[in-house]
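Residue numbers (the numbering used here), protein chains in the order written: chain A, 1 to 403; chain B, 1001 to 1731.
Please note that a few of the clues may not be correct.
Here are some chain A residues the structure puts well away from chain B; computed CB gaps all over 10 Å [to be verified]:
| hint | residue |
| --- | --- |
| 1 | Ser-128 |
| 2 | Ile-201 |
| 3 | Gly-233 |
| 4 | Leu-239 |
| 5 | Glu-246 |
| 6 | Met-316 |
Below 25 Å or equal to it, Euclidean Cα-Cα: the simulated PhoX-like pairs (lysine-lysine) are [claimed, not checked]:
| hint | chain 1 | residue 1 | chain 2 | residue 2 |
| --- | --- | --- | --- | --- |
| 7 | B | Lys-1050 | B | Lys-1209 |
| 8 | B | Lys-1184 | B | Lys-1468 |
| 9 | B | Lys-1190 | B | Lys-1220 |
| 10 | A | Lys-241 | B | Lys-1497 |
| 11 | B | Lys-1228 | A | Lys-62 |
| 12 | B | Lys-1497 | B | Lys-1391 |
| 13 | A | Lys-62 | A | Lys-194 |
| 14 | B | Lys-1307 | B | Lys-1373 |
| 15 | B | Lys-1614 | B | Lys-1595 |
| 16 | B | Lys-1190 | B | Lys-1099 |
| 17 | A | Lys-225 | B | Lys-1209 |
| 18 | A | Lys-225 | B | Lys-1184 |
To be clear, the hints were calculated from the coordinates, so they are not data collected in a lab.
Note that beta-carbon positions come from the ideal geometry of N, C-alpha and C, so glycine has one too.
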Amino acid sequence: MTEAYIYDAVRSPRGKGRKDGSLHEVTSVRLSTTVMNALKERNNLEGHAVEDVIWGNVTQVKEQGGCLARTAVLASDLDERIPGLSINRFCASGMEAVNIAANQVKGGAGNAYIAGGVEMMGRVPMGSDGAAIAVDPSVAMDMYFVPQGISADIIATEYGFNRDQADELAVESQLRAAQAWEENRFAKSIVPVKDQNGLTILDRDEYMRPGTDMQSLGGLKPAFKEQGEVMPGFDKLALMKYPHLEAINHIHHAGNSSGIVDGSAAVLIGNKEFGEEYGLTPRARIKATSKIGLDPTIMLTGPVPATQKILADSGMAISDIDLFEVNEAFASVVLRFQQAFDVDPSVVNVNGGSIAMGHPLGATGAIIIGTLLDEMERQDKETGLATLCIASGMGAATILERV
Amino acid sequence: MSDFNLSVDADGVGIITWDTIGKSMNVMSEQAFQDLNAIIDTVLSDDAIKGAIITSGKPGSFAGGMDLNVLAAMRDRAGDSPAQGLFDGVMSMHHVLRKIERAGMDPKTNKGGKPIACVLPGTALGIGLELPLSCHRIFAADNPKAKIGLPEIMVGIFPGGGGTTRMVRKMGAMAASPFLLQGKMVNPQKAKSAGIIDEVSADPMADAKAWVLSEPKIVKPWDEKGYKMPGGDPYHPAGFMTFVGASAMVNGNTWGVYPAAKAMLSAIYEGAQVPFDTAIKIEARWFTNVLMNPSSSAMIRSLFINKEALEKGANRPDVPDQSVKKVGVLGAGMMGAGIALVSAKAGMDVVLIDTSQEAADRGKAYSETFMDKGISRKKATPEQKEAMLAKINATTDLQALSDVDLIIEAVFEDPGVKAEMTKKVEAIIPEDAIFASNTSTLPITGLAQASVRKEQFIGIHFFSPVEKMALVEIIKGKETGPRAVAKALDYVRQIRKTPIVVNDERFFYANRCIIPYINEGVMMAGEGVAPQLLDHAAQLLGFPVGPIQLVDETSLDLGAKIAKATMAAMGDAYPKSVADDVTFWMVEEGRLGRKAKAGFFDYDEKGKRQGYWKGFADKFPRLDEQPDVTEVQHRLIFAQVLEAVRALEAGVLEDIREGDVGAILGWGFMPWSGGPFSWLDIVGAAWAAEKCDELTEKYGDRFACPPLLREMADKGQSFYGRFGPGAAKAA
């Protein structure tokens, strides 16, 4: 079978997803073309170089609507014969873009793809595209719909994680991210965001809070307690779905949950012939991909079954994996992954994660694949696995192998 | 003759009078709808008529609602396709209401049309409000006793005559929700401030007529261009939050077991996104869906039709009126005080007896506190309080009982004490007075042995707290005569509660079913099932409280007392179980329940539940592998319904309607199911019998299939088919 290789991976720095965030003035199109153009420039992708651009994006309304992928390709320096496909698998959209591209290449549908994604959470707020699962009674009631923060707290309750464990993980994420920046470990991937005059707007992740410690996190109130226990009382639904639980333990807050940020990322994927044609050296092989659905109420345990499936499909064991990226959507998601596979926390999210640097929904899946690859090269490790939990009860994973 | 009649006055205003023949309050029937339709056609087509007023020919009320039998008729008429029959029937009602609302206006320009007002002399409920809502302006008389609302949800359906769609479009989903989802009813002033009706006036007919003649604007907001739903539609940012919250709250508050609440919310959500006429069609589809759900038929049957039948004396012996004028209540404890309260509130004179004046006064003070609360909530006046308290004579003097016509004895649950009281009191009361005992556990036939007039001796079993619980269980001893039964029934009617009449056997009917329910829960706790799983399992079935919480409320020592008494009575036949071990151990540990501020739960100093007591698992270790919630639920349901079937087999119950209504009102048995017999009919006797065999094999003989149920399973019978009203009595 044809192999699919990663030739390059880039990302924008992540800006605070707020009105005073540095990237708030930048459009979704511009943040997309920033990384698309970087790939073109770094790899000399002249002409009809890739089959398609598969672009992950969650909130596809307003400037992110109307097939942003195609709009961005047209606005970029890429050839207009390259079409553009917007996709949405919530938080794993960027990973799904990479996985689809890899499988297209493996299946022989074209030599190369650009895959990635973007989310301008400060400009197009999360949830502003509506969602029947939350609001249509026929679905919401039968599914026992609860918001993600409640799901994260259900995981903590069901699997016995306390506030201290979640806060420790958050502190560690901040420490590792700070150290990674200090040692310039992201240098290979980061593409500064510039204006139309070439002036730099942002060249560094700005959401991080170095120096975060247990004491500073200890002062934060649980973020989902009120909507869980009082209005509109989501905890009741959790207890209806999981009647063996006595009460939901609310441990998550802004400091141990992923940050709301703006960001984008792009990965160049192609077969062997593509590399030869463009004179590029493959950095890693996309060995396997997986996606899976699960109970939508606990919702965010997806990394566990997605990893079980990808290991089974590729005939591997957890011990075959050297490094992990498990998206830090909420602390309990990572804690559950480590518990389920009994993996050493020191090989999980080595350079921090979404708690420290933020989680631009449509882009994160592509970001962590790039981060994983950079770290595999830095530590000279063979195999890495990236995985994310996904809204509405899904999970996705990718295994990379260096070549 | 017709229920609707048209007359045209000198100014050209058509007066459409609704006057249901043979009823004290208007009720909508299919024929009435057709008659109204014809009249509306006349009003709209006759150039001499300028507009119309729809009002009621009944003094003090507009209409009580729909004749619910109409819905059954629509369903049955359609033969093989009952859903089609219902949908078509409901849509034909909508056409009439929509014709009133559009009133001949041009569909594009909204020009033309004739104003149609509605005048409510008083109460307007259900379709009796949905019809006014289709009119252009609603005028109500200033009648503070009138009730205006859409109470359909209380009997397991929802407003399906356009009320759901119109209320949401008029007020917004948030503001309409108490009226739609909780069936809230209000007086005309409150209905006006909520925006349901338009005017409250001293002379609503005159005002309505002046309005009709004023060439008013009649187009409804939702028929105009640019209409926006108040509070936002589901995909408007504000509306989004409302709808997300509504699904969660309705699901949580109902524990997901009421199909009508879900269906109504779907009708609101889906209807909010489309034009009015499409929304009405959606409402009709969900309404049909609810009517096709066996739960709604069962709820209507038990909570509306049969409850009313029992209250009206369906099983009352044919003896002259036995209304109570003066009642003697023996014992001024919690039960006696409550009985005195409800009796005085119903206008009876009450003699409240206790052994000390202080105790008797304390019993009377209960009524005082109750009325004070009512005054502070503006539900009663100081005058009413004085009048009521004047009716209660709290005394130690048995001679005060010399002219009572009913005794209700509520003294200590001890046969000796009760016998002594019976003898003493019977010597004083008139010879034709009826003597009733409020015992909850002692057989009536036994207590009657102390009486010299056994045919006048009966059980009237109240539930606690008396003023809140709607059910009263009347128990006939072996020698109780028909006049005693009639007396008890007339008394229950006077205090506006719902009676069931049962025969005398251990624990009568309600406690006979409740005790095994609690026991099964306690037994599972002893087996190591997590207590929260037990309580949640019950709540997910629609029980108001789970067995573990219930046993803490009723207290562990009462459980121990009942267990010991049952053991003594049954001897070797008593099926000992881990439930007894748990109960006796809890009593030894002093964990008696809420009253001891320690039981299966921990409590704070004020007696508020804190969480399940962790120490229980040290004695009865938690199972590593917890059972599936469905398995727990089957044990909890079957523990009760099999007792109900055995009560029917034993003749304790003579009428399954009483078994169903009594279970829902008495201990909150899964109201959505219509009661234990309705539930068995929904699941089917064959499935139930099979489940019994399975449970018997796993958990023991208490789940053995009663012969009656087995026979019905074999014959493919249903309880309402075999024992319901109209069915030939079983041989």
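Results for each hint:
{"no.": "1", "hint": "Ser-128", "result": "violated, 8 Å"}
{"no.": "2", "hint": "Ile-201", "result": "holds, 29 Å"}
{"no.": "3", "hint": "Gly-233", "result": "violated, 5 Å"}
{"no.": "4", "hint": "Leu-239", "result": "violated, 6 Å"}
{"no.": "5", "hint": "Glu-246", "result": "violated, 4 Å"}
{"no.": "6", "hint": "Met-316", "result": "holds, 31 Å"}
{"no.": "7", "hint": "Lys-1050(B) to Lys-1209(B)", "result": "holds, 11 Å"}
{"no.": "8", "hint": "Lys-1184(B) to Lys-1468(B)", "result": "holds, 18 Å"}
{"no.": "9", "hint": "Lys-1190(B) to Lys-1220(B)", "result": "holds, 22 Å"}
{"no.": "10", "hint": "Lys-241(A) to Lys-1497(B)", "result": "violated, 37 Å"}
{"no.": "11", "hint": "Lys-1228(B) to Lys-62(A)", "result": "holds, 22 Å"}
{"no.": "12", "hint": "Lys-1497(B) to Lys-1391(B)", "result": "holds, 20 Å"}
{"no.": "13", "hint": "Lys-62(A) to Lys-194(A)", "result": "holds, 23 Å"}
{"no.": "14", "hint": "Lys-1307(B) to Lys-1373(B)", "result": "violated, 29 Å"}
{"no.": "15", "hint": "Lys-1614(B) to Lys-1595(B)", "result": "holds, 19 Å"}
{"no.": "16", "hint": "Lys-1190(B) to Lys-1099(B)", "result": "violated, 28 Å"}
{"no.": "17", "hint": "Lys-225(A) to Lys-1209(B)", "result": "violated, 56 Å"}
{"no.": "18", "hint": "Lys-225(A) to Lys-1184(B)", "result": "violated, 30 Å"}
Hint violations for this structure: numbers 1, 3, 4, 5, 10, 14, 16, 17 and 18, all remaining hints satisfied.
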